[in-house]
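S.K.: One letter stands for each residue in the lines below.
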Amino acid sequence: MAKAIEIENFSYAYPDGTVALDKINLSLEHGRKLALIGPNGAGKSTLLLAMAGFVKGTGRVVVDGLEINRKNLKKIRARLCSCLENPDDQLFMPTLFDDIAFGPLNMGLTPEEVKARVGDALQTVGLTEMVDKAPHHLSAGQKRAAAIATVLSMAPKIITLDEPDGSLDPRNRNNLLKLLASLPQTLIIATCNMNFAAALADRAVLVDKGRIIADGDAKEIMSDSKLMTEHGLEVPGTIR
Amino acid sequence: MAKAIEIENFSYAYPDGTVALDKINLSLEHGRKLALIGPNGAGKSTLLLAMAGFVKGTGRVVVDGLEINRKNLKKIRARLCSCLENPDDQLFMPTLFDDIAFGPLNMGLTPEEVKARVGDALQTVGLTEMVDKAPHHLSAGQKRAAAIATVLSMAPKIITLDEPDGSLDPRNRNNLLKLLASLPQTLIIATCNMNFAAALADRAVLVDKGRIIADGDAKEIMSDSKLMTEHGLEVPGTIR
Amino acid sequence: MHMANELLSVPVAAGTLAIAAAGLGFICRKVRQVITADKLALMGILGAFVFAGQMVNFQLPAMPGTSGHMVGAVLLAIVLGPHLAAIVISSVVIVQCLIFQDGGLLALGCNIINMALVPAYAGYFLYRIVTAGSASSLRVHIGAMIACVVAVEAGAILVPVQAALAGVLVVPFSTFLITMIGVHFLVGLVEGLITVAVLGYLQQVRSDLVLHSLPGKVRLSKSAVLATLVVFTIIIGAGVSLLASGLPDGLEWSYAERPDEPDFEPAVSNDDSRIAAVDDFQSRYSVMPDYSVRASKLGQVAEQQAGSSPGWTSFAGVMGSVITMAAIWLTAWILRKRQSPTA
Amino acid sequence: MHHAHIDKFAYQDSPVHRLDSRVKFIVVLVFTAMVVSLPRTSVSILACYAVGPFALLVWAKIPLRFAFKQILLVSPFVLVLALSCPLYDRTPATVAFGPFSWRLTLGWMRCFTILGKFTVTMSALIALVSTTRFNDLLAGLQRLGLPKVLVIQLGFLYRYIFVLIDRAHHILQARQGRKLRSLGFKAELRIAAAMLGSLFVRSIDTAEHINIAMQARAFDGKWRTLSRLQIRAADYIFALAAALFMAGLYLLVKPVLQ
Ligand SMILES: Nc1ncnc2c1ncn2[C@@H]1O[C@H](COP(=O)(O)OP(=O)(O)OP(=O)(O)O)[C@@H](O)[C@H]1O
Ligand SMILES: Nc1ncnc2c1ncn2[C@@H]1O[C@H](COP(=O)(O)OP(=O)(O)OP(=O)(O)O)[C@@H](O)[C@H]1O
Ligand SMILES: [Mg+2]
Ligand SMILES: [Mg+2]
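Protein chains in written order, with my numbering: chain Z, 139 to 378; chain G, 139 to 378; chain S, 19 to 361; chain C, -18 to 239.
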């Protein structure tokens, strides 16, 4: 079976010249939960964008056996789905139903299938009663869950999440952790909260200044206190 | 000497009817570092807004001996300065200098004094070289520091900060901690990151559903695991 | 300034709605090919920006207590091009009507024309002509300033014209027009100042936005710009001068009657006997006489009415309505009372 | 302006809320046209017309105080124009109302009619928008022929009003917290422009993020939504009742009251 993600020698610079990714090599099997860790400005968000084909640099990115190019992009979007950092950017439709139905509709499903998908996604994240609410009526934790539901409804094989733990209180964060841990999909999570990464991931990739510094077992990397402090991170409390 | 903050029986409901603060009583001496902790939607941000006179409810709020009313508001704003949750809201001028000079200019200082204030504030937060940069070219940690500098330049006696640790990596967070710990001012910090609160505060006030649930020594409150989990929080790793 | 339903007649409202609908439909069709997917979100958000931007106020000089804010039509036209800006501002006007109830449903056509279509196009054309593609900040600023003043004025002038065509107001056309021009000169000036200042800010931090390089911006050729501007000027100029000069006493022609000229015949005469009978009935028993009551007879009518029965019809009507409302309210109240203990 | 008032009541539940948005919209549109076309000096008939929106508001449990406040809020322009009528039309007229009669001028009666019509049509509009969720209204308008570009545009606009108003509020608070005196017009203007400019730039950034979110969910430029509008028996009954109400007023009551 094809790897979930394969990146070979990928580099990318923003139009203003900032080199955000520098010769990235990464490969990930299906069903794994990968934490992308690194300090602010390391290039985590950019790497997630590259995986979904939103930034076009040099090098190869292969998603579930399909190389990213214009022809494959549509197929790839049905297999890898990304969830942005700010739920307000992700929830752009006037009601939760419309928002969660947006992806399945674009995939060309029938109205019945779409409704079933929306129902399933809402049930997974526990927002079934909120189906007709407008996003601005949701709380911080609910917005985060809803943003994940918009991605789940597309039933992708791979989900990327950018700092899903931002501005959540410990209880909401634990609920999110449980939800994410229960998902069968391949997850790629960018975060600079080490406790969150340690609780969820079985593999960690440490990024700094656009390069991959370390790649391997999550516990192993995150317990290396020299490595972590050198790159602006810390050993999570749960491991220490 | 007057207390830094005295709040008596303060209640506030948002225009849509949400009761965000419900009979709050709080008093704080000068020079203390207070952590306002509580789950998402507890009312922390609203309480900070009330202290700066941005929301007008029922009850009394006295800042440094001055009761909040229209007449006193300007005097109060020179003594209590608030730093908003999102640095982008705080930094709206085209260059960092303009942004940090904004407050002092409004206080009617001479150009020399203003320049001196800006220089001091930038030095305190370690951004001296960035003085002519546009705020949107700063990194996440730098933006946070700059937002604090805009407040420091007004030399207030009391500073309120709303989730200053949001979206910062551990190193930036530690730098911020050090910076905040070194400030002589009275600090009031709203956060739902317990490690951050524990590292900085000597007093903690636990808010939930608009009420004050507990008020006292920071260590004592934050180590009460029953109380903390009941209100969606957790005992910080550094105490456990 | 939002036009209201009540200042319009149904034909004028229908006419302006049709013009606005046709205009918008045309623009939507025209831009359909050029609107790429990435424009959809941008346009919506800039519409929301107009609302949020109106909250940012600033103290005006020499007028303590007043504050100005930006409307943003010209700014959007400069950044998005006139077609997209027209759509965005139209949607802003629609939302103002449907969410904030600013301006009524029937007046929507007028408001779209006055506040969206005319300012977006007029503003954009003037800006293009003054700047002539140059990015020199002096030209940009002068262009934006002129564009704002003229765009705001052009929309404002249309308000009295539309009201006069409807004939609801008795305010003389010239008075209304001069007032609107005066007030909106100030409004346009403030709009111009703030637009210029915002453009200055944008040039400093995101100069790409001002330099027409927002990807996919829809532009117009220079000849189209000039031609439309000329046509536009002629229409406005001709309309206004016709209305103002030919009808010095305030467009009384549009009224069916001339109270100052008792012999003036109604513009619409109807010889259907039933309607005449109703007319007669109405004028005889009119408690709140319409203009159709001849002024010369008015005193007479009034004398006849004094102390006689007609007052009671309307009294009954109003009282009946009030009682009905009270009954509705009471029923709802009882129903709610009965529901709440069980719920 | 705070967004808490925007859709305060649209998410309640009542028989009126459950009616189809198209039916409500058309009824309110026709009603408005009828009220506007009433003669220019007939006040008492307006009381009869007012029963319609009143019934809807009460039935939908919309507080009347809210409706009145809203009407008052949008009234200034109309108020000024209406109050100028008495200045220009001083033709005397006598008004009889039950046992009372007054001497007035036609100008005053026009003024009262304009204000009365304003109140009645505005309450009808408020009854419409505070019982209809904006997206249902949009879906209805799309079925009634509103161009799709405009519908999409309005959907985004509505969604992000809330986000941007919050942002504007925060920026205003940041200014207020540090603005202790007036700096003169030039500085005020510069600061306001900087605030607007930064709001504008952030809006454009947000739009870029939304684009990414849309494309990540397989958006290819073709806008697809599931319409969940449905005309039910209740809608027919409502339309019939409204038609009867308006026709009745027009045919029976109007000539008598004139
Ligand atoms: N739109 C942009 N234009 C130019 N440079 C950018 C842009 N976005 C990001 N960068 C730069 O690219 C680098 C990588 O940014 P990226 O957002 O990927 O970091 P990150 O690891 O996600 O950081 P954070 O933890 O703060 O989210 C940074 O140096 C950043 O300043
Ligand atoms: N503008 C608003 N309009 C209406 N309700 C609001 C508004 N802002 C906040 N609320 C509500 O008021 C309550 C308190 O909100 P507040 O923002 O003070 O919480 P918080 O403790 O700061 O939460 P967080 O950790 O998520 O920032 C919440 O229930 C929230 O939903
Ligand atoms: Mg990031
Ligand atoms: Mg908060």
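Check the hints yourself; a few may be wrong.
Some chain C residues judged to face chain Z by a derived CB distance under 7 Å, without partners named [what the hints assert, rightly or not]:
1) VAL4
2) PHE6
3) ASN116
4) TYR139
Far from chain S by the CB rule (all over 12 Å, computed), these chain G residues [stated by the list, open to error]:
5) GLU146
6) ARG170
7) MET231
8) GLU250
9) GLY304
10) ARG341
11) ALA352
Footprint (simulated), chain G over chain Z, 3 or more residues, beta carbon under 8 Å [unchecked claim]:
12) 227 to 240
13) 258 to 272
14) 277 to 285
Rather than coming from a laboratory, the hints here were simulated on the basis of the structure.
Yeah, the Cβ is synthetic: ideal placement off N, Cα and C, and Gly gets one too.
S.K.: Give a verdict on every hint.
M.R.: Hints and how they fare:
The interface hint given for VAL4 of chain C is broken, as the beta carbon of that residue sits about 19 Å from the closest beta carbon of chain Z, more than 7 Å. Because the smallest distance between the Cβ of PHE6 of chain C and any Cβ of chain Z comes to about 17 Å, over 7 Å, the interface hint for this residue is violated. The restraint placing ASN116 of chain C at the interface with chain Z holds, with a minimum CB-CB distance near 4 Å, inside the 7 Å limit. For TYR139 of chain C, the shortest C-beta to C-beta distance to chain Z is roughly 6 Å, which falls under 7 Å, so the interface hint holds.
Listed as outside the interface, GLU146 of chain G is consistent with that label: its C-beta sits roughly 32 Å from the nearest C-beta of chain S, beyond the 12 Å cut-off. Taking the minimum C-beta to C-beta distance to chain S, about 35 Å, the non-interface status of ARG170 of chain G holds against the 12 Å cut. With a cut of 12 Å on Cβ distances, MET231 of chain G falls inside the contact zone with chain S, its closest approach being about 9 Å. The claim that GLU250 of chain G lies off the interface holds: its Cβ sits roughly 25 Å from the closest Cβ of chain S, which is beyond the 12 Å cut-off.
With a least beta-carbon separation of about 22 Å from chain S, GLY304 of chain G lies farther than 12 Å from that chain, consistent with its non-interface assignment. Non-interface call for ARG341 of chain G relative to chain S: holds, since the shortest CB-CB distance, roughly 36 Å, exceeds 12 Å. With a minimum CB-CB distance of about 35 Å to chain S, ALA352 of chain G clears the 12 Å threshold, and the non-interface call stands. For the region 227 to 240 of chain Z, the stated coverage by chain G is violated: 0 residues have a C-beta nearer than 8 Å to a C-beta of that chain, whereas at least 3 were required.
With 0 residues bearing a CB less than 8 Å from a CB of chain G, the region 258 to 272 of chain Z misses the requirement of three and the coverage assertion fails. Under the rule that three or more residues need a Cβ within less than 8 Å of chain G, the assignment of the region 277 to 285 of chain Z holds, with 3 such residues.
Hints 1, 2, 7, 12, 13 from the list above are not met by this structure, while the remaining hints are.
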